[in-house]
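Asker: Order-wise, the sequence lines are chains A and S. Residues 14 to 951 (the working numbering) are what the first sequence spells out, left to right. Residues 1453 to 1809 (the working numbering) are what the second sequence spells out, left to right.
It should be emphasised that the hints constitute simulated quantities derived from the structure, not laboratory data. Beta carbons: idealized from backbone N, C-alpha and C, even for Gly. Treat each hint with caution, since some may be false.
To spell it out: a stretch of chain A is covered by chain S in this simulated footprint if at least three of its residues, at any positions, have a beta carbon under 8 angstroms from a beta carbon of chain S; those stretches are [what the hints assert, rightly or not]:
id, region
1, 17 to 31
2, 343 to 353
Derived DSS-like pairs (lysine-lysine); straight-line CA-CA distance at most 30 angstroms [what the hints assert, rightly or not]:
id, chain 1, residue 1, chain 2, residue 2
3, A, K654, S, K1610
4, A, K140, A, K377
5, S, K1563, A, K15
6, A, K690, S, K1459
7, A, K127, A, K140
8, S, K1459, A, K15
9, S, K1706, A, K339
10, A, K654, A, K626
11, A, K29, S, K1459
Across the chosen pairs, the derived CB separations fall in these ranges [stated by the list, open to error]:
id, chain 1, residue 1, chain 2, residue 2, range
12, S, R1479, A, Y22, 48 to 58 angstroms
13, S, S1523, A, I37, 47 to 57 angstroms
14, S, R1479, A, L16, 35 to 45 angstroms
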Amino acid sequence: MKLEPGMAYNTKVLNKVFAFLSAIFLISVFWMLLDDYIRPWKVYQVEATKIKQERLAKVIEETEQSLDASEIKALEDEILVAEQESQKHNETIKKIEEEMHKLEGVIHAWSIKKGEANAQVSALTFKAEMSMEHKEHNADKLMQQLKDWKVKFASASDTLKKYELEQKEKKKSIVELNSKVIDLRKELDDKVGKLELLKDAKAAISFDGVSVLRNAPLLDYLDPTLRIEQVVMKNYYDDRYFQQTARVDRCTTCHQMIAKPGFEDRENPYKTHPNLELMVGENSKHPVKEFGCTNCHGGEGHRVHDFQSIAHTPQNSKQAAEWREKYNWHEPHKVPAPMFRLQHTEAACLKCHQGVERIPMADKLNEGRHLLEENGCYSCHKIEGWEHLKKPGPSLYRLAGKVDKEFFKNWVWNPKQFNPKTKMPSFFNQSNNSTPEFKAKNIAEVNALTDFIYSLSEEYTPNEKFTVGNAETGKELVSKIGCLGCHQIDGLDENYNVAQNKRGPYLKGLGSKVSAHWMKSWLKNPTHYDPTTIMPSFRLTDSEASDITAFLMDSKQERFQNLKFAPLDGDIRDELLVESFAAFDTLAHAREKVEAMSQVERTLELGRITLGKYGCYSCHSIKGFEDSPQIGPELTNIGSKPIEQFGWGHQHLAHERDVWIRAHLENPRRWDEGTTKPFKDLSKMPYFDLTKNEIESMVLALLGQVSDYVPLEGMKRLSADEKLAEKGSRVVREKNCFGCHKIDGEGGEILANYQDDLNAGPPFLVQQGTRTKARWLYDFLDNVVPIRSFVEIRMPSFHLTNEERNLVVSYFQHKAEEISFDDERELYTWNPGERQAAIKLFKNLECATCHSHGITSDTPMGPDLRLAGNRLKATWIKRWIGNPISILPHTTMPSFWDGGESPEPEILGGDSEKQMWALTKYVLEMTKNPSVAAELRK
Amino acid sequence: MRELINKLSDPIFSFPGAMLLYLALLRYYRIFGSKKFAKIALVVILGLVAYFFADPNFFLIITTPDNIPISILFVLVSFFTWLTFHKAAENDKRIEQGLCPIEGTPENREKVWTWPNLVYTELFTIIAGTTFLIVWAILFKAPLEEPANPTWAPNPAKAPWYFLGLQEMLVYFDPWMAGVILPGLIVVGLLAIPFMDTNPKGNGYYTFQERKVAISFFLFGWLVLWLYLILIGTFLRGPNWVFFGPFEYWDLHKVVAENNVNLSEYFWIKGLGVSMPKNILLREIIGIIVTALYFVVGLPVVTKLWGKAFLKSMGQIRYYIFMFLVFSMVSLPIKMFLRWLFQLKYIIAMPEFELNL
């Protein structure tokens, strides 16, 4: 085609190209706008709005039905009649209204006058005061002016008030003339007002022309009805490394009904949050407006684009598959803290609720933390806040006086073989050290370790001699006196090991472990062998101790007893020593060093190295290793440790934090599989043989160990009482009071053995702080005096320091928010006739049937009342007499004043309160002067 | 086969390979510039792309939103390089026959109006470019990563794609060299081109024969040293900046045996079997001598062998500046080869002054 001169292209073709490109450009711009406009969350919001409309429609319908149509019709008719009636006054009303209009003009004029005067007064005040201060010549003149204006202002204000009052009067007279109509209208409003409000609410969220316009593309920046909703949290921060910023959650953009009750049965995201009283609900302790969602659930709450961007985490692979199908979900990448799996949500409680033994309602988390403590995780791994706990294993200071070397070696080699329920974990025969070479080296290590630990052990001779005892009686005793509060014991009748207590070791095969002399000495006085033990004394008599010893020593582990541990192989020992020395030295020099040592020295040196290698001192007290550092890595922040920092070895596992922790607890040695590590570098974390449920709880508790930044206002801060109670609860838990006592609904495991008669078991401690006197409890902890002679189980004598006793007392006092001492002075003086009434009541109610101490010779079935006044607070005695069943449902004490009605209407005018106080006073008197009990014998 | 490709992709093989390919390109540019070659190459490349894409690891790397511009870059560079040589080959053929270049024919010398011929078409490009960017932005969302954490950097930590060549140079050079001196020389050298290039030929038309040296050196720096290194840095460097073949999974734990030794250590410890001298200059004397020889002796030798005509036509100042730049550029491949062949760390190693060469 011929081109025009001066042209390289045909203009028509160029125009076509331009048209084409412009069209494409336009399309792409629209595409961009649409891409920006169509957001997945809008779909959920539209759906949520529809659900809300449905709900409102239903409520409106119900309200309409509940209204009586005829009644409303009648009201409306009445209004019509009343309106006609009031028309009679039309003339008058009109006249008054005209007057009012005039009055408005006058009021307006005067309010302007008042305003002017006010402005002048203010300005002149300043001027006049300043000129006075500077002694200017016009000061007097200004003062005069000010005075004049003040007068004007006062008169204007007064006139204004007068007219305003007049206006009020007139208004009132109009209302009076119309009063009937107004009253009727109000009545009607009260009836249908709620309905109107509901209809308004429905109209506000309906989809009509206006809402379409408000949500239209390009206009929706003004005031859309579909919008992103957000919560800015003041008590929880995003750690952006360079600074902390308030966290923002936009979850409610889709989860619209999360805080609204009534949508519990809907599918997510239109569902109500469970347990609104505790979480999310407006009146709960954690309202969503303050705490947001990711505070507990984790995840990227500010990213709202679609299901994926929030980093939702499925509960299990089944849900993952479901989400893949439904939401095109995939594992979140590059997200430092994805959501907790639903079953792990409790882990999040920990970061704000710190420094407490138990977090209320977080049962799974508490269970997990209990297991971390029970298994002694904190002893090898530092966990902040757990630094001062007692070592979980028994002290080895006097080991040589307890078990022999052969037992010790076989025990260390495989503790579970001797006692399948022992808490001591297994270090040897594991998946990474079971080759013949590694086994041989382990055997050398165990031999050397034994010699070394025994060389550190102090001499110990039991201070009791066992001669003979009755095993049958012993068996009876251990079942009944309370051993089962901490131990489970092999060989007991089945119904006695129902309580699954684990505070103390599972007692099995003791006859193959310790000597009878040691056993008896330990039973009678545990602190003689180990002054730091928590094992208390049961104040056993010599024959009781002998009987129990006989019973326990009967349990033997023949097979274990006959094991012969392989002897020490000197060559392997030397090889291990050389290897160890060569870490910082040449091989030749290391060899020389070993050769220069005697045989004994070599063994002991290897023992010392082995002790350090496995960190035995972390769990057991060993002389000379008291201050050795913890052997495992710190776990304080394991919940925030980057996934990439976990070692996955050659295990094909999903790279997720909980997966790693679970796998690690299942078999800590698995990471060595498929590696070519030398002996000295093998993983050393021992195998704990945990159940699946235990592992799950521990995973949850460890996931909660996060390093998130929570400002002080976000932390749960304890009240003064709670703080003191927390301090004491450490001692209460360490000494395992919960093993026997059910304290305010918690603990009391041993009660499982007393299901037939709870009264035969250890007493329930309900609001103990309101019950016993502080002084008495303090003394009782030091020197146990039996209270219930009819109960076989014994309160043991714990070995408590003064501080510990104080802490236990303050635990109970502050848990119940009680003051230390009550003023009971008044209760020791009798009102006229009160004492006689008390005695009469005592007799009529036959209190002495059970509380027979000092009164009759019957076997007492209740506590000695002569001790009660010192033990119990008077207020509690009165409460207890009044209604014991409300405090302790299984008590045998009758509730005489059931429902507040007196059983003895003759006495003290039948006044229940007076009667109860009279009895309380009498009990106090019996305590002060036990001989008064004698007068009841008559 | 994949194993083999993985292995050959390692710079030790692929860099010499790239250099050989480049030399072959210059030698046989007329074949390269033919349409037939282009067609065959297109078919072969499409086949290779299909084969490569079938591998999940390769697919993952190539489709990362960050890496897409680099793929586009390579497509465009390949096309325009071919176009250059295609036109140059045609013109060179005409020049050999004594004809003027195609751009010089009377019908091509005719002048046309700026409007609409230039301005209108420029507008087209603007519209097309904007449309392209919009569509790209819709289809590939900006990849958001976790918040920056100074104590836990991403692994691999990669520079923006256009700096990946520089980052790759860090493997072979001290940060001062790779990060400051060499990039500085690149900028200065590019600025200096118009002042050094006195060859009036090739003005307004494509040719290779008439500008052999200029084109060869420039394209060596552009294609082999800059783009090749970007390619390596983007697609073949994974966690810990370890080399991964195109079909290899980026395993965080892959370790490569790299234990590099300085020239001074080679000389004193390995060669003479004595301790290193305390005097730093004496310690590094061999490296200093070698470097000095490279410039002081290398320059005259090269001049004597190939450079006489240039020296004459360019004049001394221009010539020596040019040669200095060329020598600096060539030092990069030389250092790379020394690293691969001898595990040489630095020729001159003076960490005391942060001066390593």
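Asker: Which hints, by number, does the structure contradict?
Answerer: 4, 8, 9, 11, 12, 13
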